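Engineer: If you want the building blocks of each chain, they are given just below.
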Amino acid sequence: MTPGIDRSRLPEPELLPTVRFPSVRVARLSSGLAMRTVEHPGVPVVTFLLTMPVGSASDPAGQAGLAALTADLFDEGSDARTALELHAALDRIGARLGTAVGSDTTMVSLTTLSRCAVEGLALLAEIVARPRFDETDVDRVRDLRLSRLRQLRTVPGAVADRIFLESLYPGHPYGHLGIGTATSLAGLTAANVVWFHQAAYQLGSATLIAVGALTHDAFVEAAEQAFDDVPVRAADDAVVVDPARLGPPGPPLARLVLVDRPGAVQSEVRVGHVAAARRTPDYHALQVLNMTLGGQFVSRLNLSLREEKGYTYGVRTAFDCRLAPGPFTMQGSVQSGATAEVVGEVLAQLAAIGGDRPVTPAELDLARAALTRGFARGFETAGQVARAVAQLVIHGLPENYYDRFVMRVEAVDALAVTAAANVHLHANRAVAVVVGPADQIASGLRALDLGDPARMDP
Amino acid sequence: MLDYTKISLENGLDVIVHEDHRCPIVAVNLWYHVGSKNESPGRTGLAHLFEHLMFEGSAHHDSGYFAPLQQAGGALNGSTNCDRTNYWEAVPTSALDLALWLESDRMGYLLPALTAAKFENQRNVVLNERRQHYENQPYGMALMALMAAVFPTAHHPYHWTTIGESVDVRAATLEEAHAFFRTYYHPGNASLALAGDVETRPVLEKVRRYFEEIPAGPVVPPVAEGAGPMVLNEAPPDGIRLLLEDRVELPRLYLAWRTPRLFGTGDAGMDMVAEVLAGGKTSRLYRTLVHERRIATDVSAAQNSRELAGWFCITATAAPGHELYELEQVIGDELAALADAGPDAGEIERGLAQVEAQFVYRLQTVGGFNGRSDQLNAYNVYTGDPGFMTQDRERYRETTPALVRELAAGQLSGGRVALSIVPDGSANRALAGSTPAEVS
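If you read the protein sequences in the order shown, they are chains C and D.
Quick note on numbering: the first sequence equals residues 17 to 474 in the working numbering.
Quick note on numbering: the second sequence equals residues 2 to 441 in the working numbering.
Calculated from the structure, these hints are not laboratory results.
Treat the hints with care, since some could be wrong.
To spell it out: a stretch of chain D is covered by chain C in this simulated footprint if at least three of its residues, at any positions, have a beta carbon under 8 angstroms from a beta carbon of chain C; those stretches are [claimed, not checked]:
#: 1; region: 37–45
#: 2; region: 251–263
#: 3; region: 284–296
Simulated DEER-style distance windows between Cβ atoms [claimed, not checked]:
#: 4; chain 1: D; residue 1: T174; chain 2: C; residue 2: L413; range: 51 to 57 angstroms
#: 5; chain 1: D; residue 1: R171; chain 2: C; residue 2: D429; range: 43 to 49 angstroms
#: 6; chain 1: D; residue 1: E407; chain 2: C; residue 2: V42; range: 53 to 59 angstroms
#: 7; chain 1: D; residue 1: E11; chain 2: C; residue 2: P33; range: 35 to 41 angstroms
Computed from a predicted structure; not experimentally measured.
Even glycine gets a Cβ: it sits at the ideal position worked out from N, Cα and C.
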């Protein structure tokens, strides 16, 4: 038996030197396509990611859902192959294909084994540049998305998300989910999709990111080969998301929105407002603020509502920092009987952190440490590194951004957090959206001083 | 496929170390060989509720486990299923002592800190977890109905779900939680895996310092399926038909069968059956139901391999304007075709390529759920051999079209459970002859 250990206090981890983000190299293919590569050896896996500056905020008026429908059709066949043939080719190299349409960007990624890199890249090029868009395929995929939309009406979290965005951004390009609405989606045709692809999903505005167990030169060579005969021209300015053109959203529809879900045992809650864009100079203070308020398990809101009161499985907050000011959102699912109390407490906590309960030294220390000391964990897989590089591209951040991140977070002090709270958190104009049993919760909500709840359908 | 060193301490704790120097982090992963299968009827949900209590503090650190580990830049979590409970921390290498200190403290010294107040709080959190993930989700009660029907004897260890019955969670007592800890949470019923930027020999010494002082506990008797009749297998050829009305827009059909257990004969083959039937857009059911006939919005199939038994499930949602009996008909035809002629070589080739790639993708992380440390522990707990990954992969490589045909014919014939979940007030849209399932 070896000697026992000291259990009178916790071991104190020493600080390790900061881990450096792997080096990002910039290249431009002979076709003009912009590229970033990261050598990430260890496991024989590669991830390719194409990021394009077009998203659901690019949806033309009355055509909400067009960007996402078009992107969903990328893998439904190419000029050379039917959808089934294309998927058979992807399956043969064990590839994982992912398409993500955000408000500002569309990303198409493909992960495969290193030895299949060339074939994988060729498939990615085929998928994005030469989609088939047969009318029957467009109709089929649109109908599947309409069915999905219909099903989402019974998912309380999806209802809350949709109505929260509609309430915060009435008439604004950020005011709808990527999937669109039943009316807009039903009107979309193959011609709309072909037009949108031509206008928006063009490689001249895209960046190809390659990460994994190949060298920089091997990545570039594979890409030269795969994108050899692919036209590279810029997307139309009109559909590229440009924060200068988006304009500010109008005032919210109501302070309090209630969606009835009769008999529901919980209420799905969203509280927040339009907040900050990614380029806000106090971005790092905002991250520290969020960690303290609701961005991690040991945040004020989660500790109070879950660990003290037991009202919920967990709540969280986030600043969604987009090209233009995105939403700050508190979200959670809480037992119905506690609904009004939870909304009231959230509003009180939003006000307090910039007012009479500023961040404490211990909270500040914890929030900064959680953001900086766990940094290396976020860059373990090729996919994680590729998504991190995509953020650099999307927001025009310098190649050494991640190496400076730790320093910048460590420089955030209590005054900076309080200042960020005062600039970016506004309890007095926050909107609350609640999806829950109206007959049980309406009267409590009315007492919150947010006005009479606006009633909406799921 | 992964190099490792395994030792067993005198108190019975298995310790596995895997070196991986790509990144200055280390994953600490601890499995206790206890899950909801160790519970009994009327006392369900305790294993999972207990997992929550493990994060609330121990004798020498009587406050939450998240704060010190997040302060150190670590991530942590835990999960419970029917067979096991796992806990993990992924931390910068300098915080390894902290993670081991905390894991050993809650293994050796939890009870003095396990109070009634914490118990009540986490009972409420768990009831809210159940509301959020099951009761208030469309189709959320399907699993309860399926488990009860596929493992129909009331004492079968898989008859109930891991989240448990609300009434049982409400009835659980602090004394039961204490007894549960004494029975199952000790070194002899646990396996500790470390993976990451560490050196094996010094790290084993470190583990000894933290864990050797914890006494061995009582031997945990293995859980058996029990001697009760397998009612399901004596069901009529068209099987058991159940229905649930729910707040849903589209009806959904679940077809389920009893199948081989984890690593049992035919288990990997059933994964390939699932792949051929519903793995991706080239699969038989996706092609027929969703792509060509457009009578379903989605379809999936899975072999759910568990320690004592397996079950196979095909799930499909009816497209607007279509009914579940149409889906049942087409699925039946496709199953018959597969059982009759088997898959072609291309289907098996594609399925194997996917499986091979998955084995490699899973090597990308050292920590967290399904990272290298979690896989080493899974193999160790279920087979006694942390290096079983190589044989595991071999099982798939041995799959032939003939085997898939044989399994489709043999496993997916009689003794079926068909569960229809239909919109409230539309019981008539369930498969004909269905009776209401009882869930709460």
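Engineer: Now look at each hint and say whether the structure bears it out.
Structural biologist: Verification of the supplied hints:
Against chain C, the region 37–45 of chain D contributes 0 residues with a C-beta closer than 8 angstroms to a partner C-beta. That does not satisfy the three-residue criterion, and the hint is violated. With 1 residues having a beta carbon nearer than 8 angstroms to a beta carbon of chain C, the region 251–263 of chain D misses the requirement of three or more and the stated coverage is violated. Proximity of the region 284–296 of chain D to chain C, defined as three or more residues with a beta carbon under 8 angstroms from a beta carbon of that chain, is established by the 4 residues found. A hinted range of 51 to 57 angstroms holds for the C-beta pair D/T174 and C/L413, which are about 54 angstroms apart.
Between D/R171 and C/D429, the C-beta spacing of about 47 angstroms keeps the proposed range 43 to 49 angstroms intact. Between D/E407 and C/V42, the C-beta spacing of about 55 angstroms keeps the proposed range 53 to 59 angstroms intact. Judged by the Cβ atoms, the range 35 to 41 angstroms given for D/E11 and C/P33 holds: they are separated by roughly 38 angstroms.
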